[in-house]
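There are 2 protein chains.
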Amino acid sequence: MIKVSVFYPNGSDAKFDMDYYVKSHMPMVQDKCGAALKQIAVEHGLAGGTPGAKPAYLAMGHLYFDSVESFQGSFGPKAQEILADVPNYTNIAPVMQISDVKL
Amino acid sequence: MIKVSVFYPNGSDAKFDMDYYVKSHMPMVQDKCGAALKQIAVEHGLAGGTPGAKPAYLAMGHLYFDSVESFQGSFGPKAQEILADVPNYTNIAPVMQISDVKL
Numbered sequence: 087m088i089k090v091s092v093f094y095p096n097g098s099d100a101k102f103d104m105d106y107y108v109k110s111h112m113p114m115v116q117d118k119c120g121a122a123l124k125q126i127a128v129e130h131g132l133a134g135g136t137p138g139a140k141p142a143y144l145a146m147g148h149l150y151f152d153s154v155e156s157f158q159g160s161f162g163p164k165a166q167e168i169l170a171d172v173p174n175y176t177n178i179a180p181v182m183q184i185s186d187v188k189l
Numbered sequence: 087m088i089k090v091s092v093f094y095p096n097g098s099d100a101k102f103d104m105d106y107y108v109k110s111h112m113p114m115v116q117d118k119c120g121a122a123l124k125q126i127a128v129e130h131g132l133a134g135g136t137p138g139a140k141p142a143y144l145a146m147g148h149l150y151f152d153s154v155e156s157f158q159g160s161f162g163p164k165a166q167e168i169l170a171d172v173p174n175y176t177n178i179a180p181v182m183q184i185s186d187v188k189l
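Chains as they are written, first to last, in the working numbering: chain L, 87 to 189; chain S, 87 to 189.
Possibly wrong hints are sitting among the right ones.
Because identical chains cannot be distinguished in the list, a pair is counted as satisfied if it fits within a single copy or across any two copies.
To be verified - For lysine-lysine, the following BS3-like pairs were computed, each having C-alpha atoms within a straight-line distance of at most 27 Å:
#: 1; residue 1: K188; residue 2: K101
#: 2; residue 1: K109; residue 2: K140
#: 3; residue 1: K140; residue 2: K164
#: 4; residue 1: K140; residue 2: K124
#: 5; residue 1: K109; residue 2: K124
#: 6; residue 1: K124; residue 2: K188
Keep in mind that the hints were calculated from the coordinates and are not lab data.
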């Protein structure tokens with residue numbers, strides 16, 4: 087199983103509409119990717135690792151696929167449509183990473 | 087539910103013993119935190135978001151608790167023992183974040 091993580095870095099003028107992300111963007115991503123997208127996870131950053139520290143990421147979204155090929159084959163052809171929705175919920179340039187799920 | 091994420095940034099001389107992390111460190115964390123620790127997740131970074139890009143994080147570990155108070159009450163008293171094990175599997179200074187699980 088692989089996990090595609092999208093990190094939204096925190097910042098003084100960072101805006102993120104969590105309600106839209108959870109209720110509109112993520113369901114749209116699920117719809118576009120179809121059955122290849124096995125699971126979705128979303129988190130809202132609360133705090134950093136030391137007392138009073140802000141979280142590095144204001145929000146994170148995660149998409150689970152069986153393999154990198156499955157991700158590329160399902161998300162790839164729809165990437166432009168999906169990315170076109172980003173300005174509807176945030177002004178943050180997201181950082182993406184693909185990881186192998188070990189546990 | 088809250089998620090405590092520990093990110094291990096990638097780097098040219100970054101070392102990370104995934105086998106030790108999965109088979110020794112994480113079971114030790116589970117043991118120290120007890121029933122308050124609801125779920126564990128571990129990922130190994132494969133790639134960044136653009137072709138040929140390296141992952142921002144070489145590894146990530148996640149701990150799920152019912153609340154921030156539950157995390158502080160169970161992990162807090164054992165933090166020193168847990169953190170003392172970090173040099174046994176990596177030379178990376180980890181970045182930590184607490185997040186609220188939305189989905």
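Quick rundown of the hints versus the structure:
{"no.": "1", "hint": "K188 - K101", "in the structure": "between (32 Å within a copy, 17 Å between copies)"}
{"no.": "2", "hint": "K109 - K140", "in the structure": "within (25 Å within a copy, 31 Å between copies)"}
{"no.": "3", "hint": "K140 - K164", "in the structure": "between (34 Å within a copy, 23 Å between copies)"}
{"no.": "4", "hint": "K140 - K124", "in the structure": "between (31 Å within a copy, 24 Å between copies)"}
{"no.": "5", "hint": "K109 - K124", "in the structure": "both (18 Å within a copy, 26 Å between copies)"}
{"no.": "6", "hint": "K124 - K188", "in the structure": "both (16 Å within a copy, 17 Å between copies)"}
Violated hints: none; the structure is consistent with every hint.
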